[in-house]
Amino acid sequence: MAMDFHFGRRSFLGLAAGASASVAGAALLGRSAPMASGPSRVRSSGGRLEMDLVAAETAVTIANAHRTALTYNGLLPGPLLEAEPGDAVRIRLHNRLNRPTNLHYHGLHISPSGNADNVFLSVAPGASQTYDFSLPADHPAGTFYYHPHRHGSVADQVFGGLGGVLIVRGALDRIPEVQAAEEQVVFLKDLPGDGDFGSIGMGMMLGREGAVLTVNGQVNPALSIPAGGLLRLRIVNGSNARFWRLALEDHPFHLIATDAGALETPVQLEELLLAPGERAEVLVRGDQQGGRYRLLNLPYARGSGGMMGGMGRSRGMGRGMGMGRGSAQQGPVPVATLAYEGSVATLPLPERLLPVVPLPEPVRTRRFLLNHGMAPGMGMVFLINGRAFEHGRIDTRVQLGDTEEWELVNDGVMDHPFHVHVNPFQVISRNGTPEPYRAWKDVVLVRAGETVRIRTRFDDFTGLTVYHCHILDHEELGMMGTLEIAA
Amino acid sequence: MIGMSGVMFNQKIDPNRPPHHRWSGVHRRGLLLATVLAVMTVAGFGTWYAQSTAPPSIAEQTNPSVSEGKSQQVTAYRSASCGCCKGWLDHLRGEGFSVVDHVVENLEEIKVSQGVPGDLASCHTATLAGYVIEGHVPAEAIHQLLRQRPAVAGIAVPGMPLGSPGMESALRSESYTVFSFTRDGSFTPFFHVKA
Chain Y
1 MAMDFHFGRR SFLGLAAGAS ASVAGAALLG RSAPMASGPS RVRSSGGRLE
51 MDLVAAETAV TIANAHRTAL TYNGLLPGPL LEAEPGDAVR IRLHNRLNRP
101 TNLHYHGLHI SPSGNADNVF LSVAPGASQT YDFSLPADHP AGTFYYHPHR
151 HGSVADQVFG GLGGVLIVRG ALDRIPEVQA AEEQVVFLKD LPGDGDFGSI
201 GMGMMLGREG AVLTVNGQVN PALSIPAGGL LRLRIVNGSN ARFWRLALED
251 HPFHLIATDA GALETPVQLE ELLLAPGERA EVLVRGDQQG GRYRLLNLPY
301 ARGSGGMMGG MGRSRGMGRG MGMGRGSAQQ GPVPVATLAY EGSVATLPLP
351 ERLLPVVPLP EPVRTRRFLL NHGMAPGMGM VFLINGRAFE HGRIDTRVQL
401 GDTEEWELVN DGVMDHPFHV HVNPFQVISR NGTPEPYRAW KDVVLVRAGE
451 TVRIRTRFDD FTGLTVYHCH ILDHEELGMM GTLEIAA
Chain Z
1001 MIGMSGVMFN QKIDPNRPPH HRWSGVHRRG LLLATVLAVM TVAGFGTWYA
1051 QSTAPPSIAE QTNPSVSEGK SQQVTAYRSA SCGCCKGWLD HLRGEGFSVV
1101 DHVVENLEEI KVSQGVPGDL ASCHTATLAG YVIEGHVPAE AIHQLLRQRP
1151 AVAGIAVPGM PLGSPGMESA LRSESYTVFS FTRDGSFTPF FHVKA
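Chains as they are written, first to last, in this note's numbering: chain Y, 1 to 487; chain Z, 1001 to 1195.
Same shape as in the complex, but just chain Z (with noise of 0.2 Å):
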């Protein structure tokens, strides 16, 4: 738990506010996507931490313990430095999904084209089933949006929250919300993940 005493710190989430709406008047989403994808670059690279070997420009992988017909397929796109980002498809992997996982330099021409709002930007995109996977989502949210099938266009986890998939820290967690977005830029909220 990150908040002091629950009051001010906990996004819950009211089903009675009106969609997206309430997020509309943000006016930091130029900083924020651009600082998520600057943070990004150096979340596992910068420091002593670093692993050295880049990945190959397009490495496939799939797991083998999932059997063909069950396996979903996640198409990912991320930046070679991004540690974090490999943190997430290693939590997918572990799930039973399959993995094509895309280092990409125009990750930004990626969000674009697959109509990631700005607010929602994280450090990595993600196609499955047709739907597009932003950020940290985590393997539960995901199959709740393949159960259900809602018409969306995919569903995000924007920035970078710890204790998300591939952000896990020995330090903090913290709650965060798992929005579902449409291809006309609005968004509401899909799956809530207590600290």
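Isolated chain Y (complex conformation) (with noise of 0.2 Å):
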């Protein structure tokens, strides 16, 4: 596979063909001049988007400290690729990392197979690989999210830096209130600091977390909002093994679409919280008096919670353990500043989104217990029913057409955000409650002791996917089961 090509600046001109290339991306995704080899924001034209990725460890500038980071076309996050229901898509992946790669096109409904969002391609090192697929024409509108899915290195590399978000414009974007909203693209990722001691004792075993807490590559960057009117923010968390627990100061967010596409009716919540590839849309008011508000990434506990969260405490509470520490809680952390801007009419929120059509009874009810321990052989696993991801096996075949309830269990101790490629599904209930809002997700957080169920339907595409946590230290160590749709 590994072949000679030259690739530079010229060919990023050229791939300008079928598609609109920008720099005004910056923009959107509020993100400084970047020491970019290519436009920062790619959109499909005439029902195609084309384009170049190459994936190499770059330099970035980030709080202004120079460093390294693997980036897409030398961008952090990657470049904002924007294409409509319909279109065709052809990306050539360039590997220039020293290890092999691929691309995962992140709830896209697609084919799993062939050049299209098949996670078992593997490009080597110096090797291309183009990808080739047609979303639907009845694609859902949303915020999506492409990163790298070879097994055995995608962890490390999406820790160290690479995915970017993919926008699908459609009927949500058609709806008034929210076409009149400034757009804002906000892309979560934690980087590994200097040296990392920032993630003491953060190991895969627990899921890596960097020190370094970036919005859009940047850390704590401005954000602006016209008073009177809306700020829709599309909210990616990119991150390895964070958890993103966000609150926008005196500003509630008006929840609009989840990973897959819109909700019924906006949801009004006072904090977000995003497992690693989950995804949300947002709107908020600019209804205060001018001023600067932060957005803040409140602390989480990925660990089992009221028992241990109590002897986190007692721990605090004890001798103070030095060093002045006694809060066992972690401070919100300011991650972005929005600041008001200008101003208009005031503008309403939206009272209807779009039908989330409710799915039908389930032909078939199957169960997926997470946890992990230590196997004859193997030591420290990961594990889907006992078993540990194998390449080639099977382990679970369904029907094309079908619409199954899958109850995910959690017996382990640690939290383990579910996700499954091509078709995405509805939450039904946690631990028996069922759901408040029907909404389309493609990542559901499974706490630890928790049971989940979700309601799905194969359709359209047959072929090899997978599911798995998305932890993606966890799918590296075995969290992941191959799923085969039949025709």
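Honestly, the hints are just simulated from the structure, not real lab data. Do not rely on the hints blindly, as some may be mistaken.
[As the list claims (entries may be wrong)] Label-pair distances were calculated between CB atoms; the ranges are:
#1 Q1148/Z to A65/Y: 31 to 37 Å
#2 E341/Y to A1151/Z: 37 to 43 Å
#3 D1184/Z to H66/Y: 47 to 53 Å
#4 N385/Y to T1075/Z: 36 to 42 Å
#5 H66/Y to A1170/Z: 46 to 52 Å
#6 D460/Y to H1192/Z: 39 to 45 Å
#7 L273/Y to T1075/Z: 19 to 25 Å
#8 T1075/Z to G449/Y: 54 to 60 Å
#9 P1150/Z to L273/Y: 42 to 48 Å
#10 H391/Y to N1106/Z: 24 to 30 Å
#11 G1096/Z to E484/Y: 38 to 44 Å
[Claimed, not checked] Selected chain Y positions facing chain Z (Cβ under 10 Å, derived; list incomplete):
#12 M205
#13 G373
#14 G379
#15 L477
In this text the structure is predicted, and so the values were computed from the model without any measurement. Every residue gets a Cβ at the ideal spot worked out from N, C-alpha and C, and that includes glycine.
Quick one: dock chain against chain with the hints and give me the complex.
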């Protein structure tokens, strides 16, 4: 597969055929001028989106510090891709890393086979791979996420920086109140710090978290909202393992879309928890009298809740443990700052969004048990139904067109966000409590000790794909299964 | 090696850094400790690889291959279900230490009473020759501690690094640092293990 290729700025000029490339994307992403070798935003035009993505370790500047990161086209996050339902997409991936990679189009409802969302493809160092697929004409509008998915290097590559946002514009974007909102991508990624002692003790077992919290590749960037206006945040958790629990001072979120598309009506939230791989779109109302407001990341314990939380507190209240610590709670960390700029006539929130049609009764219910343990000959592994991932073994066989209910049982002591490729699902209940509203998801957090029921229908595409824990370290350590969708 | 390119993932120790202050700003102590304590309760059970035989509350075992005078006694505290703790104790026995293995329910209290900094917590706590040994510390680091006899309270491997004694994994191993810590809760790198 390895081939010699020469690739430079000229190629990026060439890619504009079939797509409109724009550095104005920097405004939407809110990042400073990147040391990039291509445009930061690529929109489809004439029904085609065609471009090159070069995965490489490159120099980046974060918080005035020079360092290296794994980037697409020298950008962190990678270029913002924008397409519409029905578009043909062609992406040429060039691997200039020293380990194999590939691409996953997280959340897109496209084929898992051939040169589409095929996570079993492996692009060797120095090699290239052309991805070709078309978005279905009825593909939902939403905020999606492209990132590597080559088992064996996915966690290192995502932790190292790789990932980007793919927007599908459609019916949601044509709702007048939504259309009137200012739009802002918020790509959340924590990066390893210098020497990475900020994450002391946070190894692969717990899932590595980086000490440097970035929004769109920046530390605490400025965001803006016009007085009276609406700001639409398209939020993507692009972290390896970190959960982001967001709150915006004095501004509630009005959730309008989850992972895979619009809700029926906005849901007001004081805070928003996003596990790795999860996305959300929220509207913020510019209803304050100017000023600056911090977007905060609040503490979240990924271990089991009550019992262990109690132990943590007792520790803090004990001997103080020196160094002035004592609080077991991580304090809020500002990750971006919202400022008022200009004003518009007061814009209303939308009352209705789009229908979220309930799925029919399932033809089958399956159970997936999530935990970890010491396996003979393997040592520490993460497991689904007692098995660690094995290439070539099909773990779950389903029939095209069937609706199934999956019972996800986490009897371990760490949270596991469960992700299914190709087809979105609806969360039915958590620990027997019905979900308060219907929404399309492709990642669902299954907390330690929790049982979550999801319902999905295997539509349109046959082939082999996967489900896995989206704490990517856990995926690498075995928490993934192969799903066959048969005709 | 877990590092993509070795630049960002290796925990390189810079001897010119001021000790411990680099790490004093971490906010996650409670979470980390809580999660480590939580993890240990499942490591080794909760799957069908489980060992169903519960150990006695106090099991004393010595390695007969080590002569009485040379054997260093490790007094260890762990929870009943901690499989990787048992793996670490086996590692120590294999290295000639004698082990007194205490299965306890109040591990947290023991960590506090032994002065283990919250940042450095792992799933088991032990004492040896007047020092505290926290977590999956390799015997090599313990030997260095006993040779050098530094004025510290103990040494620790925070968390549960893959590839450390008792945390073996066929899939990955991680570089990790053994820290020494003092009674006032400060800590500094003591020993480094490359993946």
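Hints versus structure:
no.	hint	verdict
1	Q1148/Z to A65/Y: 31 to 37 Å	holds, 35 Å
2	E341/Y to A1151/Z: 37 to 43 Å	violated, 58 Å
3	D1184/Z to H66/Y: 47 to 53 Å	violated, 35 Å
4	N385/Y to T1075/Z: 36 to 42 Å	holds, 39 Å
5	H66/Y to A1170/Z: 46 to 52 Å	violated, 38 Å
6	D460/Y to H1192/Z: 39 to 45 Å	violated, 52 Å
7	L273/Y to T1075/Z: 19 to 25 Å	violated, 42 Å
8	T1075/Z to G449/Y: 54 to 60 Å	violated, 32 Å
9	P1150/Z to L273/Y: 42 to 48 Å	holds, 44 Å
10	H391/Y to N1106/Z: 24 to 30 Å	violated, 44 Å
11	G1096/Z to E484/Y: 38 to 44 Å	violated, 52 Å
12	M205	holds, 4 Å
13	G373	holds, 4 Å
14	G379	holds, 4 Å
15	L477	holds, 6 Å
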